[in-house]
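J.: Below, each chain spelled out in residue letters.
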Amino acid sequence: MIHSLFLINHTGDIFLEKHWKSVIGRSVCDYFFEAREKAVEPENVPPVLQTPHHYLISIYRGKLFFLSVIQTEVPPLFVIEFLHRVADTIQDYFGECSEGVIKDNVVTVYELLEEMLDNGFPLATESNVLKEMIRPPTILRSVVNTLTGASNVGDTLPTGQLSNVPWRRVGVKYTNNEAYFDVIEEIDAILDKSGTTVFAEIQGVIEACVRLTGMPDLTLSFMNPRLLDDVSFHPCVRFKRWESERVLSFIPPDGNFTLMNYHVSSQNLVAIPVYVKQSISFFETGPCGRLDITIGPKQTMGKTVEGLMVTIHMPKAVLSANLTATQGTYTYDLATKVLVWDIGKLNPQKLPNLKGSLTTQAGTPKPEDNPSLNIDLKIQQLAISGLKVSRLDMYGEKYKPFKGVKYLTKAGKFQVRT
Amino acid sequence: MSASSAFNDEKGGSSSVGEPEYGHDPASGGIFSSDYKRHDDLKEMLDSNKDSLKLEAMKRIVAMIARGKNASDLFPAVVKNVACKNIEDPNQLIRASALRVLSSIRVTIIVPIMMLAIKEAASDMSPYVRKTAAHAIPKLYSLDPEQKDQLIEVIEKLLADKTTLVAGSVVMAFEEVCPERIDLIHKNYRKLCNLLIDVEEWGQVVIINMLTRYARTQFLNPNMNESLLEEGSGGDRTFYGSDEDEDEDEEEKEKKAETPAMAKRKPYVMDPDHRLLLRNTKPLLQSRNAAVVMAVAQLYFHLAPKAEVGVIAKALVRLLRSHSEVQYVVLQNVATMTIKRRGMFEPYLKSFYIRSTDPTQIKVLKLEVLTNLANETNISTILREFQTYIKSMDKDFVAATIQAIGRCATNIGEVRDTCLNGLVQLLSNRDELVVAESVVVIKKLLQMQPEKHSDIIKHMAKLTDNIQVPMARASILWLIGEYCEHVPKIAPDVLRKMAKSFTNEEDIVKLQIINLAAKLYLTNSKQTKLLTQYVLNLAKYDQNYDIRDRARFIRQLIVPTEKSGALSKYAKKLFLALKPAPVLESPFKDRDHFQLGSLSHLLNAKAGGYQELPDWPEAAPDPSVRNVEVPEWTKCSSREKRKEKKVEKPFYSDSEGESGPTESADSGNFSWLLSDSASGSESGSGSEESASRSESEESEDGSESEEEEEEEEEEKEKKKKKKELKKPVQESERKCSFHANVYQPSLYNWALVSMTLHLVLCLQTIAPSSALKNYELLHRITGEGLSVEYCFSRQPFSPDANMVAVQMQFTNNATADTKNLHIEDVKLQSGMRVKEFSEIELLPAGETATAVMGIDFCDSTQAANFQLCTHTRKFFVSIQPPVGELMRPVFLTENEFKKEQGQLMGMNEITEKLTLDMKCRNEHTIVQRVTTAANLSRVPCGSDKEFAGRTVSSSSLVLVTVATKEEGAAQLTVNCEKMVIGTMLVKDILLALTQ
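Line by line, the protein sequences give chains A and B.
In terms of the numbering used here, the first sequence has 235 at position 235, counting the first letter as 1, and numbering is strictly consecutive.
Position in the second sequence (from 1) plus 418 gives the number in the numbering used here.
Treat the hints as calculated values from the structure; they're not laboratory data.
Just to be clear, a hint being listed does not mean it is correct.
Claimed, not checked - One side only, chain A facing chain B, incomplete, derived with CB under 8 Å:
| # | residue |
| --- | --- |
| 1 | Asn44 |
| 2 | Val74 |
| 3 | Tyr407 |
As the list claims (entries may be wrong) - Residues of chain A placed beyond 10 Å of chain B at every Cβ, according to the derived structure:
| # | residue |
| --- | --- |
| 4 | Leu77 |
| 5 | Lys131 |
| 6 | Ala179 |
| 7 | Asp182 |
| 8 | Gln203 |
| 9 | Glu207 |
| 10 | Lys350 |
| 11 | Leu392 |
Because the structure is a prediction, the values reported are computed rather than measured.
C-beta atoms are modelled at their ideal positions from N, C-alpha and C, and glycine is treated no differently.
Please construct the entire structure, taking both the sequences and the accompanying hints into account.
T.: The following block contains the structure:
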């Protein structure tokens, strides 16, 4: 299926290649470079390309292209999903997925790739299984390895692949047994000029960090599961139990993992935590324009809005911005034409405002289009949909674990049109 | 221990590797030239019985390869001592890895060994090893496609496997080797459906795609009673909207949906197996893996009754939140689906709204979907949305939006005027690209009702002064020409301006100027006659031949002369015929003849290896082929097992299927494990523990044992295996999931195997087999300048399998040419036969030629006498074979070897004690010497040095065993039905080993 993999950085250098069948020359990437040049922006490179003898399927992650070479029919999503899994694994092992990190750990990366794919077909992609075979590097171990010449390949045999719970390794032991769940919700919204909601929905995710001894069997139940309209689960969740009782019953993987993703039914009105008053205009006479933005709280459920930030992609003609912010700081990047206003905490008593003039290039007609505003925000201890975890029970083990649930609301793709 | 560690070692231990190594994949690009006989010490280390020595040797080899040194001559030793040995290791992981190593070697001579190893692994008791066997199948197939039939047998066997671990891998092998053998699936269909939810995600994708194809050949079209033409119309919407169908209602709804249709045609009843597939794949829409969700979605799209397809919409919309590459693929598929089944995505219209931050390619695809979804009720919302898009900074996207507006306007009559007005407003846009795109779209719209819009045409005529985009200019000119009656005053003036600028226009514009001129000439020749002449004259001398051609053609057609033919009478009809309005179609129309979710669908072109989605059969094939007979013992044992594990239902797999016993084997496993860990039920685990304890003791013994005890230990192992095999299969299957905990893993083996894996992948070459011995047939002095040598090439003699191939080399050392070299007067013992080589007509002086002849020696060492003739002389010669050449190698497993040996005892067995030559004390040399002396092959993975072959003429088995002891003492045993051959062979091998 997957024949070869090339890792390419943003300047177009191939800095790592791996072949699972025969070696395919680097020249196959030329077709990709051609498409890359044509696309201008890296996000616009078509993920699937056809060349005379091969098909190229690529993803763009962390300023890197993961380019796979395919020779025969295969579902493109199969490859894309796998490539993302590779990037996830690298991130999981080394903390980030970047050229530098991969170059520093080139040996481990090769070992991982070797285990993840056998003759082009995925073999071990479960992080728990991989970590048993190839241990993630720690500072201490890398020092020891350098001195003794040992490697990261595990001394013990992995057992996960053989058990019926492939995502969990056997014989896990902790002195502190703990299970934490983060309920994170993102608001995706499009607001129009007047502030009315064109489209809004809530996407949620439950991230878990479970460090429990043995083979615990957990059950997580909600106060109001009916809110959840569409869900997708980690393979550990028993779907039948969810269908019949609306509880999450599972044997967790060890460590960090995403337990479920959910969508809150669009029938429920989505609370929009802030309102934005804005006017951006350009004058016919003379090379200038005005900008005036004010943000205020709307439906915050009594919580504080933090991490507030506004990002605006300005028209090409805008040369500079001369603005004053009553709160926070703003920057205008001349090259990318992006205006960022970092506000921070929203104070309901004194609303933040950004006001001033914009200079446009002389001689060009006034920009037709008005840029839209992208809003970032965070609200701690709140799930904006109102979802609440009612309890977590553990079966199969005798000890009492430490349990905790945190809530967080963020802006997802939150856009205000002008 | 891995390739890389040794590599680091040599590099002075720097953990961050230096610049030049990045591109050098140790697993891909080793270069090995041939250079032998240098690593004897390493070979000896590999041949030793000590794991630590082997490990050290492997470390050094890996380090050598990492530095680009040649190690290819060590390759056979590595394969033999590490890969082959470990295939019989008691630890399943080591067995599996050894098979992975072996199957990664891409050298054809290894094919038989690989085949053997796969076959053995396919009946291994560990499901993990069986999974590895399934993975090895495509590798062997790509190495040697001739093995297909044998491989299909293995696939058939593995398809019957009842574990989830194997299912995905074997279906993958099936898809690569024999996707056409749909008949192999019948018996396993229900099992695959029931196991599906517990298979790992990648396997799920492969199985679902395969089952989609299968279902298309075996079941009837569930929508056969509905006409495909009526779609997305009012009636369906209620069904698409509701997503909470429970399994029970589904059947009901289905009936409801089909009642009206039933009256017309014979009633459709869904095959229960078809229903099983739909029911068991549905939960997978909740998978976190986008590929799995897409696989289920395409299955529903291609197989489900219309009323049920709606369930996939929500899941696909969810994928739009994922990475942009995932969005790209999903949107392409949604675009195809929305053409056939618009209704199901309508509730999610807003999820396709475009954000300014989306990449352009995503924007354009979303636009496509929105356009496909547009209908009378939602068009106003969609148009309002489009209006905001037109203001975007992304001009490619704006152009696509204008096209989309045009398509909405043609498809939905009610909004045509609104759209047209909107587009006309865009004509005053500052951006020329926007204007040009609008002109092109307006032109298409105007063709629908030109009479109502003469003011728009006038407006556009004015644009010719400003707009420069060729396509737009051409469109305007065409419009004015086509509807010149509606703008009688303006049209000639436009032509006048165009005539002026003709020479500076682009080609497409020039063609339209000629076109306009011709049309005006026909309708209003008074005003435009001269202008037309002028334009045609300019065109006559244009650089482009298309334009010259067109001008000549039009002049003949419209300007009547005495020479002009009958056609010119019809010039008006030709030019001013009513033209049908263009249909603006989605590029995704009819793409669903490709299986959705496939690469071919995405590219809209057949990719290599794509399996067509078959059409539904007219009549359903016999459904009973899927019935599985349940053997009596399985029935009762599974029932017992169920009692054991309480009444608790399996959590994952759906247990409602008809084929209860088959599915319980696996899905049961899981709940069994759960109930064990949850309640600590005694019955199952108690016996398990006792069994495992005894085993772990044994293996501990093994690791401590000294070399002398090796034989003994191996015997023990064999006995143990036999014991295990006798136990019911299920029991052993259960046990092996605990193997990993039970065995004290032998770390050396594990390290060795993983290292070999890395190493083998580097090796693409192998050292050639030992040189063949040459014998003299004719000395050059006796031959008067002609010398002949021969050797036994050990290749099968293709014209006659019972003959030994003899390769002859003729050298003409004389100064004159030799002609007509051939054989005459063959004198043979009775029964012997000779196949002569074809005559060599000319052997020039100083030249060499080779020829192959076949001799059937009748399994005796009697000489074949004959005359070798040239055009001038005859020489009496004879060929007498050494006994070792009268046989050909056969591959036997160790078990087969032992079995055969047991049947050749007594008179047929000859044993000799010997003391090995000093240089011949290690395994490698022994093997080499024996195989040089006799054309035999080593029994792979055998514990002793065992060799097997068959005589060439009568195919009698020849078995040779060399058992080595201390101080070079050894015992040679030959078992052969033909005692004479046996006796002679003993002598020859003794000689070879002692000298």
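J.: Confirm or reject each hint.
T.: Hints and how they fare:
1. A cut of 8 Å between beta carbons decides the hint on Asn44 (chain A): the least distance to chain B is about 5 Å, and the hint holds.
2. A hinted interface residue such as Val74 (chain A) counts as satisfied when its beta carbon comes closer than 8 Å to some beta carbon of chain B; here the least separation is about 6 Å, so the hint holds.
3. Annotation: Tyr407 (chain A) was flagged as interfacial toward chain B, and the flag is violated, the nearest CB pair being 20 Å apart, outside 8 Å.
4. A beta-carbon of chain B comes within 10 Å of the beta-carbon of Leu77 (chain A); the shortest separation is about 4 Å.
5. Taking the minimum C-beta to C-beta distance to chain B, about 15 Å, the non-interface status of Lys131 (chain A) holds against the 10 Å cut.
6. No beta-carbon of chain B is positioned within 10 Å of the beta-carbon of Ala179 (chain A); the least distance is around 17 Å.
7. With a least beta-carbon separation of about 17 Å from chain B, Asp182 (chain A) lies farther than 10 Å from that chain, consistent with its non-interface assignment.
8. Against the 10 Å criterion, Gln203 (chain A) falls within the reach of chain B, whose nearest CB is about 6 Å from its own CB.
9. Non-interface status of Glu207 (chain A) relative to chain B is upheld: no Cβ of that chain comes within 10 Å, the nearest being about 13 Å off.
10. Here Lys350 (chain A) stays apart from chain B, with its beta-carbon at least about 30 Å from theirs, past the 10 Å limit.
11. Taking the minimum C-beta to C-beta distance to chain B, about 17 Å, the non-interface status of Leu392 (chain A) holds against the 10 Å cut.
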